[in-house]
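Q: The lines below spell out each chain.
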Amino acid sequence: MANTPLTPGIVSGRLGAEQYRDNFADKAPPLTPHEAAVAADRCYFCHDAPCVTACPTAIDIPLFIREIATGAPRAAARTIFAQNILGGMCARVCPTEQLCEQSCVRETAEGKPVAIGRLQRFATDTLMAAGGHPFTRAAPTGRRIAVVGAGPAGLACAHRLAMKGHEVTLFDARPKPGGLNEYGIAAYKTVGGFAQAEVDWLLGIGGISLRNGMALGRDITLDGLRAEHDAVFLAIGLAGVNALRAEGEDKAHVRDAVDFIAELRQAEDLSKIAVGRNVVVIGGGMTAVDAAVQSKLLGAETVTMVYRRSRAAMGASEAEQNLAASKGVRIVTGAAPLRILGEGAVEAVEFAYTKETASGLELSEETFRLRADQVFKAIGQQLEGAPEGLALSGRKIAVTGPGRTSLPGVWAGGDCAAGGDDLTVTAVAEGRDAAEDIHATLMGEG
Amino acid sequence: MADLRNDFVGIKSPNPFWLASAPPTDKEYNVRRAFEAGWGGVVWKTLGEDGPPVVNVNGPRYGAIYGADRRLLGLNNIELITDRPLEVNLREIKTVKRDYPDRAMVVSLMVPCEEEAWKRILARVEETGADGVELNFGCPHGMSERGMGSAVGQVPEYVEMVTRWCKANTRMPVIVKLTPNITDIRLASRAAHKGGADAVSLINTINSITSVDLDLMCPEPTIDGKGTHGGYCGPAVKPIALNMVAEIARDPETRGLPISGIGGVTTWKDAAEFMALGAGNVQVCTAVMTYGFRIVQEMIAGMSDWMDRKGFSTLSDFTGMAVPNVTDWQYLNLNYITKAVIDQEACIKCGRCYAACEDTSHQAIGMTPERRFVVKDEECVACNLCVDVCPVEGCITMRRLAPGEVDPRTGRTVPAEYGNWTAHPNNPAARAAE
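Just so you know, the sequences run in chain order B and A. Going letter by letter, the first sequence gives residues 1 to 446 in the UniProt record's numbering. Going letter by letter, the second sequence gives residues 1 to 434 in the UniProt record's numbering.
Bear in mind the hints are in silico, worked out from the structure with no lab data behind them. These numbers come from a predicted model, not from an experiment. Where a beta carbon is used, it is the ideal one built from N, C-alpha and C, also for glycine. Honestly, I wouldn't trust all of these hints.
Claimed, not checked - Reference listing, derived: stretches of chain A covered by chain B, where coverage requires no fewer than 3 residues with Cβ under 8 Å from a Cβ of chain B:
(1) 68-75
(2) 340-351
Unchecked claim - Not everything, but these chain A residues come out facing chain B in the computed CB check (under 8 Å):
(3) Tyr354
(4) Arg371
(5) Pro391
(6) Gly394
(7) Met398
Using the sequences provided together with the hints, build the complete structure.
A: What follows is the structure, given as structure tokens:
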């Protein structure tokens, strides 16, 4: 007897094969050449364009759109990649409605911005499908640089360094490179193995040797790396997960959302992934949305996201919130978990409504319970395993300028470094800028 | 409700919108549908001599120029005159005219430069009951290689001669269609006038190569690896046509000569502009080839609405009204001083005005870090480029400085009186102003 969304407990195979395929298909399919031409024609080629200012990697957006409009999508892709070598992934995952597209003058004029993200994907997909690598390396410098973490920041840094003629060793703790691109993003945003294909394509520059399964502090040490390299770039992300600090957090089927998302991304067969009938996701960021939406797409009957503050304060963008709502996820705001209830395994979660007061968020007396056979915690990640001797700023690695840490010869960027939003595109910018600074320093220009 | 009825050299039609001699008017099926759609008249596609008809290429006949969103702005063609037998065309013209007596039926003609040839065909056309003929002296491709079309239109003496032959051999009104492929359009219109033409129609298409296929290294449209120049038309040619119509309308030698305006007429507004510059009616082709016959309903409704708003009850109320305002540069008022003004509420902050002014004009627009764009009156020469490149209609306007105000650019007080170049102190040929 096959399972359905109504089957109690945590089970797999709640849906038919066709439903899994439809649910996890490309969220925003690529533009056809005709659609791209129509979309590109809407760009006004603004002077000192606000969209460029809004882009953390400062891609020359009007230029690349003009290149698409004039029938040169590969030139458009080179314009993009020159600023952002992960322009393909950013085209898929950037919260464009908060960045470039929010500042588009056609958003001001008509409430409908130029489809910058989708045009970027059209250009980058076109060039990547054509094969080959668009950049060449400078003459060898003889310098060796260690990059720790093959996520967006590490990849961007490694690529830029390799392009400058340096020899790069790229370490990553996980079995595959890509970082959150490979393990931390909802499956429907990056279908068809794109994350790995993008890494393979990026490494086509040459001069980067990839060492997977090498964790800092376990297999390698910062001191060791410093001894053997001319510079080190740390892009180790946020490996720790914040605790809920609610009673009963240790009950069975209470799980970190990031683990669930990673498991889902690595699954060969989605019908083998078990999900609860009644799922509760605690948190209000992108990770919470990714976990909630994918739970629903796997066939959970009810999925509720609960966030302690207001909707406006949620980390998830409005577009992400709308996506969640459209998939049937219920979003409850202004409530915080008090205790996880259940005999051994979770059966329900008790929440208290919160109040914003002058002294911060306070719990009110009013409570409610949500039935749950599975709970995902998505209340943020934290830096874990930072090497000794590095100054921190708050709970992240302190940096000045383009990623310089307190240790000479050591740079850091991406989510592990202080400052900047925890976005893929911000990580790329930090990796790229650190690479430029490393290069300038090593070559005596810094 | 405005009265759109049109009387052009005695040819009556319910509205001033005719279809020009072209593919849309090549046969009965099309013309019947055009009349059903509401077109006031047609100029039937050019008939040639009796005998084996001309043949057309069997590859592409058109090339195109596009604006944003692939909007067709210009079309070029290498099609010849009708490739159907004369007898068939004449029979169809007669049938259609019989069934639509209230519509204008004008027949375009092109035969060799011999009086007998013109005489023969004019007699055949008269038998159909058609309202008039239009002499095709304009077609710039194919037929011109055979001594017809623009090969005639480019030689004023030929224009006059053939026009005279036609006037002598028919009772029908004779409209002479002019080619724009000539340095001074007035020479051709004067010749037609001297030959006794009842009217001129213009412009015919412009010699053109629309594009080059960069793989084949060949002009488009491409026929087996070769291309040839074609006739260019559509919205892109409207400014050229308007100027030529105005040149004829204000030429003392042809004053009062009726004009049928042709060239990129796409909307009611285009038609009104041609008529304001002296055209008695208009002919349309590219617009219907792009959108179909139905657009005439917009043209009828739009012109009627505009005339009502303006208080014009008949077409003649505004026909030619703009002609007295077409003048030579030397008579433009140099004391008319304006400055661009940017409406900050309407501005969407694209900065195109800034780029245009800063890079290519007078550095008269300032930009703040908040992307506020403001005109510097002390630099603004009122060129209007910012208005033209602004994507928001009405966002940038030109404000006239009142007499007595000081122009911050020149430091001079704006005079109240008119003053032009002829009397300007910088003009070496200026006449004394006593």
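Q: Now, for every hint given, state plainly whether the structure supports it.
A: Results of checking the hints against the structure:
Residues of the stretch 68-75 of chain A with a Cβ under 8 Å from some Cβ of chain B number 3, which satisfies the need for three, so the listed coverage holds. With 4 residues carrying a beta carbon less than 8 Å from a beta carbon of chain B, the stretch 340-351 of chain A meets the three-residue requirement, and the given coverage holds. Nearest Cβ of chain B to the Cβ of tyrosine 354/A: about 5 Å, under the 8 Å cut. The hint holds. With its C-beta approaching chain B no nearer than about 7 Å, arginine 371/A sits inside the 8 Å limit, and its interface hint holds.
Hint status for proline 391/A relative to chain B: holds, with the closest Cβ pair at about 5 Å, below 8 Å. The restraint placing glycine 394/A at the interface with chain B is violated, with a minimum CB-CB distance near 13 Å, outside the 8 Å limit. At a threshold of 8 Å, the smallest CB-CB gap from methionine 398/A to chain B is about 21 Å, leaving the interface hint violated.
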